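Work out the full structure, taking the sequences as your base and the hints as a guide.
Residue numbers (full-length UniProt numbering), protein chains in the order written: chain A, 1 to 278; chain B, 1 to 278; chain C, 1 to 278; chain D, 1 to 278.
It cannot be assumed that every hint is accurate.
Claimed, not checked - The calculated SDA-like cross-link candidates involving lysine to any residue, where the alpha carbons are at most 20 Å apart (straight line), are:
{"id": "1", "chain 1": "D", "residue 1": "Lys-22", "chain 2": "C", "residue 2": "Pro-73"}
{"id": "2", "chain 1": "A", "residue 1": "Lys-261", "chain 2": "D", "residue 2": "Ser-238"}
{"id": "3", "chain 1": "D", "residue 1": "Lys-2", "chain 2": "D", "residue 2": "Ala-15"}
{"id": "4", "chain 1": "A", "residue 1": "Lys-264", "chain 2": "D", "residue 2": "Lys-5"}
{"id": "5", "chain 1": "D", "residue 1": "Lys-136", "chain 2": "C", "residue 2": "Arg-270"}
{"id": "6", "chain 1": "C", "residue 1": "Lys-264", "chain 2": "B", "residue 2": "Arg-270"}
{"id": "7", "chain 1": "C", "residue 1": "Lys-2", "chain 2": "D", "residue 2": "Ser-72"}
{"id": "8", "chain 1": "B", "residue 1": "Lys-55", "chain 2": "B", "residue 2": "Lys-89"}
{"id": "9", "chain 1": "A", "residue 1": "Lys-264", "chain 2": "D", "residue 2": "Thr-49"}
{"id": "10", "chain 1": "D", "residue 1": "Lys-5", "chain 2": "C", "residue 2": "Lys-2"}
{"id": "11", "chain 1": "A", "residue 1": "Lys-2", "chain 2": "B", "residue 2": "Thr-71"}
{"id": "12", "chain 1": "B", "residue 1": "Lys-30", "chain 2": "B", "residue 2": "Glu-20"}
{"id": "13", "chain 1": "B", "residue 1": "Lys-5", "chain 2": "B", "residue 2": "Lys-89"}
{"id": "14", "chain 1": "D", "residue 1": "Lys-2", "chain 2": "C", "residue 2": "Pro-73"}
These aren't lab readings, by the way, just hints derived from the structure by calculation. Remember, it's a predicted structure, so these values are computed and weren't measured experimentally.
There are 4 protein chains.
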Amino acid sequence: MKNLKLVNRIDDNGAKRKTEIKIGNITVGKDFLVIAGPCSVESEEQIMTIAKAVKSSGANMLRGGAYKPRTSPYSFQGLGRVGLQYLSKAGLETGLPIITEVVDTRDVYLISEYTDVLQIGARNMQNFSLLVEVGKVRKPVLLKRGMNATIEEWLNCAEYILNAGNPNVILCERGIRTHETYTRNTLDLSAVAAAKGLTHLPVVVDPSHATGRIDLIHPMTLSSIMAGCDGLEIEVHSSPNDALSDNDQQLTPSQFNSLMKDIKETLAFRENIIGIDK
Amino acid sequence: MKNLKLVNRIDDNGAKRKTEIKIGNITVGKDFLVIAGPCSVESEEQIMTIAKAVKSSGANMLRGGAYKPRTSPYSFQGLGRVGLQYLSKAGLETGLPIITEVVDTRDVYLISEYTDVLQIGARNMQNFSLLVEVGKVRKPVLLKRGMNATIEEWLNCAEYILNAGNPNVILCERGIRTHETYTRNTLDLSAVAAAKGLTHLPVVVDPSHATGRIDLIHPMTLSSIMAGCDGLEIEVHSSPNDALSDNDQQLTPSQFNSLMKDIKETLAFRENIIGIDK
Amino acid sequence: MKNLKLVNRIDDNGAKRKTEIKIGNITVGKDFLVIAGPCSVESEEQIMTIAKAVKSSGANMLRGGAYKPRTSPYSFQGLGRVGLQYLSKAGLETGLPIITEVVDTRDVYLISEYTDVLQIGARNMQNFSLLVEVGKVRKPVLLKRGMNATIEEWLNCAEYILNAGNPNVILCERGIRTHETYTRNTLDLSAVAAAKGLTHLPVVVDPSHATGRIDLIHPMTLSSIMAGCDGLEIEVHSSPNDALSDNDQQLTPSQFNSLMKDIKETLAFRENIIGIDK
Amino acid sequence: MKNLKLVNRIDDNGAKRKTEIKIGNITVGKDFLVIAGPCSVESEEQIMTIAKAVKSSGANMLRGGAYKPRTSPYSFQGLGRVGLQYLSKAGLETGLPIITEVVDTRDVYLISEYTDVLQIGARNMQNFSLLVEVGKVRKPVLLKRGMNATIEEWLNCAEYILNAGNPNVILCERGIRTHETYTRNTLDLSAVAAAKGLTHLPVVVDPSHATGRIDLIHPMTLSSIMAGCDGLEIEVHSSPNDALSDNDQQLTPSQFNSLMKDIKETLAFRENIIGIDK
Chain A
1 MKNLKLVNRI DDNGAKRKTE IKIGNITVGK DFLVIAGPCS VESEEQIMTI AKAVKSSGAN
61 MLRGGAYKPR TSPYSFQGLG RVGLQYLSKA GLETGLPIIT EVVDTRDVYL ISEYTDVLQI
121 GARNMQNFSL LVEVGKVRKP VLLKRGMNAT IEEWLNCAEY ILNAGNPNVI LCERGIRTHE
181 TYTRNTLDLS AVAAAKGLTH LPVVVDPSHA TGRIDLIHPM TLSSIMAGCD GLEIEVHSSP
241 NDALSDNDQQ LTPSQFNSLM KDIKETLAFR ENIIGIDK
Chain B
1 MKNLKLVNRI DDNGAKRKTE IKIGNITVGK DFLVIAGPCS VESEEQIMTI AKAVKSSGAN
61 MLRGGAYKPR TSPYSFQGLG RVGLQYLSKA GLETGLPIIT EVVDTRDVYL ISEYTDVLQI
121 GARNMQNFSL LVEVGKVRKP VLLKRGMNAT IEEWLNCAEY ILNAGNPNVI LCERGIRTHE
181 TYTRNTLDLS AVAAAKGLTH LPVVVDPSHA TGRIDLIHPM TLSSIMAGCD GLEIEVHSSP
241 NDALSDNDQQ LTPSQFNSLM KDIKETLAFR ENIIGIDK
Chain C
1 MKNLKLVNRI DDNGAKRKTE IKIGNITVGK DFLVIAGPCS VESEEQIMTI AKAVKSSGAN
61 MLRGGAYKPR TSPYSFQGLG RVGLQYLSKA GLETGLPIIT EVVDTRDVYL ISEYTDVLQI
121 GARNMQNFSL LVEVGKVRKP VLLKRGMNAT IEEWLNCAEY ILNAGNPNVI LCERGIRTHE
181 TYTRNTLDLS AVAAAKGLTH LPVVVDPSHA TGRIDLIHPM TLSSIMAGCD GLEIEVHSSP
241 NDALSDNDQQ LTPSQFNSLM KDIKETLAFR ENIIGIDK
Chain D
1 MKNLKLVNRI DDNGAKRKTE IKIGNITVGK DFLVIAGPCS VESEEQIMTI AKAVKSSGAN
61 MLRGGAYKPR TSPYSFQGLG RVGLQYLSKA GLETGLPIIT EVVDTRDVYL ISEYTDVLQI
121 GARNMQNFSL LVEVGKVRKP VLLKRGMNAT IEEWLNCAEY ILNAGNPNVI LCERGIRTHE
181 TYTRNTLDLS AVAAAKGLTH LPVVVDPSHA TGRIDLIHPM TLSSIMAGCD GLEIEVHSSP
241 NDALSDNDQQ LTPSQFNSLM KDIKETLAFR ENIIGIDK
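Written out as structure tokens, the structure is:
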């Protein structure tokens, strides 16, 4: 793929590059990243409860949406700034670094004050103004692949961020839209293995949005690890049925705890396997 | 489709609604709209030459991109503010109202100063912050359907704009991304006929981006008219081979002039046909 | 497109070719073809009633399925040979040539005894054994594009039939499967205009399967004509709500009669338009 | 999913079913199936060499195409009956059961004489006549998912075979067609995990056709195992660059040998993991 001079795995001298990003006391690209938390921050108590639960199970980053991109203007749009404050408080209390989505160029600086990592959602992957804006701040960026994006377009979007000055980009595969309707989207694990070969940036997987089904998150998580991913982003809610968004795909803390055990075992197993581009 | 209370064709009393939007001396939704012009504004001379040509052939609105969303950060990104000034000058000189794309919430007010219509591109269809922002200004908005969007998602995005206070939205079908690679995208004319039935907003078609092929623009334009569209957006460049973007799909002024003759005849013919939701 | 030596519009000497196929007293490729009739032959009375109705409205070929490819083995599978007999009788009574689908290589000779045209359905487009088999008989073949096929794959399938010895192939666009769920499939009219340019074979459109919605058949039919098609295949049933298959997309004889009036006017209008590859 | 009474995992009494199929000295659904071999049988020597190689690496079934469904009529179409004879000889010599594709209802009995398992290819998934025909013989059937098929349509095709009398069906996911062009198809591993939950039939994965890229076969194979699959089908050729079909996706015997080591380790590891529906 041409025109990817900054994200290309191979530098101008033909050497392989690898990006490692220090965030709190973890190093993404070296330590396996497990981002967990609710789709949306709904209240101080909700995010605090979930933060403690996912921390105790072994997650090393906390997610929670404060500015939500929703299909309908009449759906819950997130708590905004107050949501950021709750999320920040939960991060401080548990010692977990936090990640939240930014949807507007005007919010980048404000959100950067609160969060450790800025998330660009699938619908904004080609919001090039936003890419340039997050390219100007010092916070790492998690860039989700658009539902409709080719791998090449996705990497070009990362190139926008690096080209604007921010080298700390984490790629995230979250499923593409296909003809299949049984799953919310189609998780494209070949794209994970392909991206690992094409770029030096860490690549994580979001099996929650990719499948949209509780029963598929467990096998797809373990599959993702064997595809070579550097981390996961998983939705966890203390009471999924009452959630204000994404009811069908959020694990309970107990389900997440079981999953974490298998994640750890699979990671330990993967260490001994050659043939995966870790 | 639920939750579309503002864009729904039928109002709460069961009556059919129809939106007409006065722009300069045309009324979109009543007069047939023909937007023509280059993909990008490249120079004062370029846009002026093209403006005069399309005006003389019968176009009634001038397009030209100043802020270009491009896949690669290393592609031509548009002339920005100076491009707006050239476009504005060409509009004044020819008497044509102008339309240009806005890609950033922070630019909405600036661009509104120059342009008659704000265009939201396919990649930003679900940039909800931008939808709300263009919903707050008094300029009409042309909302392109995302390459990957369902008709329902597209109408929900229009609902965002109306809900934010701006009733003057024009929908634009510009092709969806499918497995077919012979054409740039797949023009979905059923979506045009469907949208005409579902909403009171005017619906226009962009056969240039939909097909990406000069040889298909002519038949697809006439097909679009018979699908019931309220207008067209067609790329015209005085020297397509030298264009800084979209070389393969811009008509020459002479090709556009021939096409306009057939557009007019087909419109006149359509007047007498029942069974199309005009 | 390479390897299309027989279906290519241009012959080895650089001359444009055009296929005309005499069937009964019409010449496909010259006379506009209007195939009408029910999805399935259900009884002698049903097919006779519909045949008379569509004939009187101006259809010039009768369709009716006797061997039905159905998603579930528990759905109505067609009347088989007795269905062929009813269809044949209705054809003789009305003077309309008939077309029916063949789904098995072993049935090709039998069905050829009854029918004037053999239809290859979308699901069998790449059933290469069947293509070769219909390539060996003397009856014209209508080849539907697969829901998932590229234009190039579709033309290669026609090449199979011509290469097996049968030059009389009619192509039929019937919609492709995309992410859109509002319509049954997405009618790809660009493919019609493209195919007209790429091959000398006649191209017809099936707006019934493409849209799956009564309200969209009328506009899509007229759009198809302006895209340059050589004919149409439209489902008509005397009592669509009671039909054993495809209830949502069959027109009543009265709806078909109205549509035929607009088809005739649009065809007359198209004669005078240049720029469409008729 | 309704109408799947025979393939449904749960029987009428609410009990979970599981199909095990004895083929030679392996039991599919219990023993992990590894089908390996070339895309096409090209000569006696070629298939014999490859058969011995894959056997020594641990494959337990031999594949080889004799009747090839090819996009163009001018591509290599397979050796036909003589190919079956070579394949059969290689199977006898190595003790490996063999599998080969059947593309025509008329060939089902002949091919059943030679082969241990009948393969239905992706393009014929909805060739319902062929499904019924292989439903009448006593040989197990491997049913590939169509490139464009939903999980529900795929399971309905298995229902056709069981309903015709043959209970021994193995499902095979081989990638679906999406907008992504970097890979040949998009491997849908969620469909594997989903199918395991929905039906009692064994489910295998073909990472060769799914990815079309040598470099992705290794990670996707291990991912597939963790998605819960019951086996794999992998293309191996002694000289991939000289192969008459599928040059880009066939492993060398040496690459396959390395892969088999990781397959075995991953299977052993999977035994200890709960949360995958094996």
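So, going through the hints one by one against the coordinates:
1. Between Lys-22 (chain D) and Pro-73 (chain C), the direct Cα distance comes to roughly 26 Å. Violation of the 20 Å bound is thereby established for this hinted pair.
2. Of the pairs offered as hints, the one joining Lys-261 (chain A) and Ser-238 (chain D) is violated, with about 41 Å between alpha carbons and a cut-off of 20 Å exceeded.
3. Among the hinted pairs, Lys-2 (chain D) with Ala-15 (chain D) is consistent with the structure: their alpha-carbon atoms are about 17 Å apart, no more than 20 Å.
4. About 39 Å separates the Cα atoms of Lys-264 (chain A) and Lys-5 (chain D), which puts this hinted pair outside 20 Å; it is violated.
5. Restraint check for Lys-136 (chain D) and Arg-270 (chain C): not satisfied, since their Cα atoms lie roughly 53 Å apart, outside the 20 Å limit.
6. In summary, the hint linking Lys-264 (chain C) to Arg-270 (chain B) is supported, as the alpha carbons are separated by about 13 Å, within the 20 Å threshold.
7. Proposed proximity of Lys-2 (chain C) and Ser-72 (chain D) is supported: the alpha carbons are some 10 Å apart, at most 20 Å.
8. Taken as a hint, the Lys-55 (chain B) and Lys-89 (chain B) pair is honoured in the structure, with Cα atoms around 14 Å apart against an allowance of 20 Å.
9. For a cut-off of 20 Å, the pair hint linking Lys-264 (chain A) to Thr-49 (chain D) is broken: about 41 Å separates their Cα positions.
10. Proposed proximity of Lys-5 (chain D) and Lys-2 (chain C) is contradicted: the alpha carbons are some 46 Å apart, above 20 Å.
11. At roughly 12 Å between alpha-carbon atoms, Lys-2 (chain A) and Thr-71 (chain B) fall within 20 Å of each other, so this suggested pair holds.
12. Of the pairs offered as hints, the one joining Lys-30 (chain B) and Glu-20 (chain B) holds, with about 6 Å between alpha carbons and a cut-off of 20 Å not exceeded.
13. Of the pairs offered as hints, the one joining Lys-5 (chain B) and Lys-89 (chain B) is violated, with about 39 Å between alpha carbons and a cut-off of 20 Å exceeded.
14. A hinted pair counts as satisfied when its Cα atoms are at most 20 Å apart, and Lys-2 (chain D) with Pro-73 (chain C) qualifies at roughly 12 Å.
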